[in-house]
Amino acid sequence: MPSDLDRQIEQLYRCEPISEEDVKRLCIKAREILIEEANVQVVDSPVTVSGFCSTLRTVLSTGMFARRTSEACIDHGDFVDRGFYSVETFLLLLALKVRYPERITLIRGNHESRQITQVYGFYDECQRKYGSSNVWRWCCEVFDYLALGAIVDGRVFCVHGGLSPNLQGIDQIRAIDRKQEVPHDGPMCDLLWSDPDDITGWGLSPRGAGFLFGADITKIFAHNNAIDLIARAHQLAMEGYKLMFDKTIVTVWSAPNYCYRCGNVASILELDDNLGQEYKVFAHAPSVRSSLPEPPSFPLHPPHFTQAQARGCIRATKREEREFSLRI
Amino acid sequence: MPPRKRMSVSSTSSRSESPLVFATAPNADAEEWVKAWAQVPARELIDCPVIAIDADTSVEDACDMLLSKDIACLAVQARPGSSPSGAPYHGLFDFSDVNAFLTLAATQHKLASENLKGRPRIQEILAAAKAGRVPVHLVSNLSEKNPLEMLPYDATIVSLLGVFSRGTHRVLIQSDTSSTFAGMVSDRQLPSWFTSFSQSSSTFLRYLSNPLSSLSLPSMYLYFSVIAAKASESVLDAMKLMSEEGVSTIAIVEEDGRLLSAVSVSDIGKIVVPQQDNQILTMPLHQFVTMIKEPDGSTDGVDKFPVYSVSPSSTLYYTMQKLLATSSHRLFVTDDAALSSSTFPPTSAGNLTGIVSTVDVLSLFARIANLPDIDPTRMQRHRRASSASSNSNSSGSRSSGRSSFSFGTGSARSRSSSRTSLGRLSFSGGTGIPSTDGKTFQWAERVSPGKSQ
Numbered sequence: 001m002p003s004d005l006d007r008q009i010e011q012l013y014r015c016e017p018i019s020e021e022d023v024k025r026l027c028i029k030a031r032e033i034l035i036e037e038a039n040v041q042v043v044d045s046p047v048t049v050s051g052f053c054s055t056l057r058t059v060l061s062t063g064m065f066a067r068r069t070s071e072a073c074i075d076h077g078d079f080v081d082r083g084f085y086s087v088e089t090f091l092l093l094l095a096l097k098v099r100y101p102e103r104i105t106l107i108r109g110n111h112e113s114r115q116i117t118q119v120y121g122f123y124d125e126c127q128r129k130y131g132s133s134n135v136w137r138w139c140c141e142v143f144d145y146l147a148l149g150a151i152v153d154g155r156v157f158c159v160h161g162g163l164s165p166n167l168q169g170i171d172q173i174r175a176i177d178r179k180q181e182v183p184h185d186g187p188m189c190d191l192l193w194s195d196p197d198d199i200t201g202w203g204l205s206p207r208g209a210g211f212l213f214g215a216d217i218t219k220i221f222a223h224n225n226a227i228d229l230i231a232r233a234h235q236l237a238m239e240g241y242k243l244m245f246d247k248t249i250v251t252v253w254s255a256p257n258y259c260y261r262c263g264n265v266a267s268i269l270e271l272d273d274n275l276g277q278e279y280k281v282f283a284h285a286p287s288v289r290s291s292l293p294e295p296p297s298f299p300l301h302p303p304h305f306t307q308a309q310a311r312g313c314i315r316a317t318k319r320e321e322r323e324f325s326l327r328i
Numbered sequence: 001m002p003p004r005k006r007m008s009v010s011s012t013s014s015r016s017e018s019p020l021v022f023a024t025a026p027n028a029d030a031e032e033w034v035k036a037w038a039q040v041p042a043r044e045l046i047d048c049p050v051i052a053i054d055a056d057t058s059v060e061d062a063c064d065m066l067l068s069k070d071i072a073c074l075a076v077q078a079r080p081g082s083s084p085s086g087a088p089y090h091g092l093f094d095f096s097d098v099n100a101f102l103t104l105a106a107t108q109h110k111l112a113s114e115n116l117k118g119r120p121r122i123q124e125i126l127a128a129a130k131a132g133r134v135p136v137h138l139v140s141n142l143s144e145k146n147p148l149e150m151l152p153y154d155a156t157i158v159s160l161l162g163v164f165s166r167g168t169h170r171v172l173i174q175s176d177t178s179s180t181f182a183g184m185v186s187d188r189q190l191p192s193w194f195t196s197f198s199q200s201s202s203t204f205l206r207y208l209s210n211p212l213s214s215l216s217l218p219s220m221y222l223y224f225s226v227i228a229a230k231a232s233e234s235v236l237d238a239m240k241l242m243s244e245e246g247v248s249t250i251a252i253v254e255e256d257g258r259l260l261s262a263v264s265v266s267d268i269g270k271i272v273v274p275q276q277d278n279q280i281l282t283m284p285l286h287q288f289v290t291m292i293k294e295p296d297g298s299t300d301g302v303d304k305f306p307v308y309s310v311s312p313s314s315t316l317y318y319t320m321q322k323l324l325a326t327s328s329h330r331l332f333v334t335d336d337a338a339l340s341s342s343t344f345p346p347t348s349a350g351n352l353t354g355i356v357s358t359v360d361v362l363s364l365f366a367r368i369a370n371l372p373d374i375d376p377t378r379m380q381r382h383r384r385a386s387s388a389s390s391n392s393n394s395s396g397s398r399s400s401g402r403s404s405f406s407f408g409t410g411s412a413r414s415r416s417s418s419r420t421s422l423g424r425l426s427f428s429g430g431t432g433i434p435s436t437d438g439k440t441f442q443w444a445e446r447v448s449p450g451k452s453q
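Quick note, the sequences are listed as chains A and B, same order. The numbering of the first sequence is full-length UniProt numbering, which starts it at 1 and goes up by one. The numbering of the second sequence is full-length UniProt numbering, which starts it at 1 and goes up by one.
So here's chain B without its partners, still in its complex pose (with noise of 0.2 Å):
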């Protein structure tokens, strides 16, 4: 096994003492900082390679190969003529996009047809199903959260602070010679290449001191950014709220709001897709949880803890750290002020304040860096436009329903009756759970919207 580095004395505290300060970064030590990231080539973070797929392939033996081949991404080749540039891939194709489709599945008896002008893809993939087969490539990028990003060759690190803190997940480097790819660099790598470097240099690791609450993260505070569904929800409720939120993951909380869990994309690609019925998509969040848990532990006993968060006063560093420790891509930011309470028993869960994730600190190196046009919750934002517009209800009803969230302020229920009212035109009970009309969902090349049961 190879040597692990250290971390050092001053970096074990994962709490800092610093008042409640905007920290910045001393301008001379920054400009000493941003000219070492230039130094260093970005094909040197590469850390997997691109692994192509045919634009013809059908979306279910895509996500199988995802699953199998256990990676995050394939490059979907471009077709035959279809490309000017003469570029290879038409587009890249991952978890994001699998959830995506299949939240699109599973709701497509619902979309009335105006709701499909002025979205062709969605009517091609709506007929190529009807025609017994999904070709990948209309469902790449589905999620409008895995754009195919590219960067030269001599690209250094600080062009890949410019397009990891844009929200993108990974980004391709070319080759020097040909019009091939020398591989993928993933968002992950950054803040593990940040961290060595915090190692050599001293005045970096002091910066990287500073709690969470002193520095400027969009998404700390619960009102801007915790996508959230409750225990008692189902499945298909959360694949909704994925695909039309445009996150990859939400936080699962019970009754009384405190945090109880998160499930992912990827968790819907691992569980949901290779089941034959739709059962699942009505499975409650709390079975769905212990669902995703199981295997974990239950061949090397190493389970793990039901979420992965942080508080506000723990160091940009711890947060770095145990973002890389969990191989997550971002970490909920819960209150514990109550934990040096000892007068009652505090709950394990905290208070959900807000979330960290890798872009939003990324996004903070990138300013240090000067970077232009840093908006960590544009691909977000976007998404959202673009699936609210999709709704037949939404019309503003999503955008408040959202701002609103928080606990214990009764806002949480308004929220929840303004998710339940949004297109459920077939749902029962408000709880989700689509209607026995028939419709039932098929996956990949069984979803054909004519048949009826």
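Isolated chain A (complex conformation) (with noise of 0.2 Å):
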């Protein structure tokens, strides 16, 4: 098996399919994994906290993911839909995840739902691929079991999309029954399209589900649960993240120039031992240097991997941190 996943890896990297038999034993697999997570999964700093990044192949490409062990990252969700390569981009992830489960934590997004996904691409694209609508089953049913969100060294708490007025506390959310698709409304739906705003208390969101909340209800929430930050995604930020409230809250966006328009950059966030925030940003998808040590060693191309919806995050060395990154 080890070695098959690391040829499906290589493969799902050059943004080459996968056989119809070797998505059914991934999918399979993952879920095999992702049932025994917590719906908050536990992390310990340092870890990499990415939200929507859609340059999987880039970051991979110019960090030595591989090597490090030490490297950890959460992924804050909607891996698929938009772009044309949604369907490597999520197995990669998947693949990645069954290789290194305890390094790499995958939080739910919004856009992880049978209802989003037949409407914003994804259904589409698997049938194109496959032919046939099995890819897509399985992938949704692998998402009904991703965790809905994370918390790092019990102080920074990881969610796609925001608050919940039925949730005032981290423990109510451990007591939801996760494993089903995304419903049109409830505390569950609320984690993964909430979006704060300039409001006092809650508003109805335009989006159609979830709710919009304010400062007030932010602070509350943080000083309940003694955390310090909730790191989301769920929206666009120009700047690649954006801080709210007091730096309460922040929004990790990682997909630049988001559907090849909207001239974004984006961020991914690194959280050091003692939980210390670096954002680090980046514009496009830098061309590729270096190779991957021994193993696997990843061919490299210019990535065109740029609009597909997943994410991976990756630190990388020192070198190509100065490369790379803008220090915030």
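The hints are simulated quantities; they were obtained by calculation from the structure and are not laboratory data. Nothing false has been slipped in among the hints.
As a list, the in silico PhoX-like pairs of lysine-lysine whose alpha-carbon atoms are at most 25 Å apart:
1) K304/B with K242/A
2) K179/A with K304/B
3) K304/B with K270/B
Using the hints, put the two standalone chains together into the complex.
The following block contains the structure:
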């Protein structure tokens, strides 16, 4: 299996789809791992947090992901839809999860849903590439097992969307039965759909699901749950990340030039051992410079992956940090 | 950004625990509310100016104006000498009319000449199209959903309720001096106003905290109201449905009846109109829905939920808030009973059970105000009746097909087959795809019944 998996990783990394049979087995294996995870996964620092990163290959190519056993990352969901390589991207992420289960944490986004993927593109892509809806169905079954959030050192809470008027405490999230399609309302839906906004209290979201919540709500939640920061994604941040409400909440957006037209930059958030925050901003997929050491060694191409919807996170070496990151 | 009203604690719970009893407004309280409503002049709710357009402008240009100015409705000026009362406007023009026109253009080749008797306007439109140009005044209120309604300068909120609870979407308010108009009030202004009013009247707020299921809403239950098309049917099927049934939005459902999304006349205006050929008419609706949704969030990352819905236990307050937040005219009602079960994974969409619209909500308030003649479904029924008479094969099959629409009992199938058989003499395969008989659909001035390809 390990050599098969490495082969699949390499293939997916080159944006080549793997066989339907391979997909089936990969999805089953991923589910076996995910089913053991908590609704709110406990993660230790240091860790990199990424939201909606479409430059998976770039990020992978610039860092020695395979080599650094201490590397860990949390991925904020919205792995699919929009873009041309959702299938390869998501499967690559699953393959990496199976390969390095302790180092990657995947959090469910609002797009990891049957209803959304039927409308926003993933379903169509699966049909096109595999000629049937099997792959889509198996992926949706994996979605159902994804965690709803993560907590780093008990102090940084990661979720895809935001808060819910029905959830005052993180413990209440643990009580949700998450293994289902994303409901169209209720606390599980809110976690994946809500947005922070400049209002007081709660408001209904113009998205048609989830809520808008203001600074007061955010600070009360942070205080009651003894957390310093809520890290989330779900909304475009033109500068790659956006801190709000006296830095109690941050939107981390990792897809540069979203949909080829937004002209935004992207970022990932690095938390060190002391939960110090460093936002690494990148404007576009830089061309690849180095090859990865053993194993595996991936062939490196200029990334075409850019607009696919999957995320990986990586810590670059010191040398590459200077080359592509901006210190904030 | 202006500060928004905070939802008070009592109303943040979107579910109500009241048992299923018919909730009426207590009389003394109701009198108090109506008195307050009668104090507020309608003109304070004006939310858009009256934008006029010359009666002889082409339909194409008129639609272009709707799209480029991003407005819902234009006022068509009266042609000189045509209006004895001196009223400045002939009528209104909106996306429902656009849809009615496009549907007519796409299906006119099937209209047998006997159908045109007694429908002089359709004949005029077809004649104008043949001559190469259709002026907008012929298409004004073609949908029969967009009549020109006017209220005097001193009209109040109560007068607005009277108009909107009959199903119109907008009303012109006259100025105090000249025969001009101060502006237009659109129906979405009222739920907004009533929500604010509830912040100053605790008894009204309490009334709004009733669940939808306990209120007398005509369209909550499927067999009364939900017009839907299957995801596999075509865009033209959707257009015909909206035109013939007199609705501005229809549900799109999966084979098994689950709610996928919705299509509205403004989607038709925005996506079908700019097309250069008729390919889009045959596109399956699940693909069209993807086209509709694609721009959502592509410039700001704010993806939207594919369909806006509430459940029977949602409160009226929550429903009004959602109508406002999503800028919709109606929400689908889905039965979420399955969601509370933890024994099996429920579907995300739940079961579609009905619809609640702005008009339905305002009719409740109109009843409280003791307004006479409240009938939110009247315009819809009128439209259905007139469109049924224009279909050669419809006779009684339209109404029977529609009223028996439900899920899982097999009548969904009978409904679609009855629609399939309606007036589809030249349609192949019963899937609504127009036959390739050379009569291609062409927009506006290129609508030309006599031309063959």
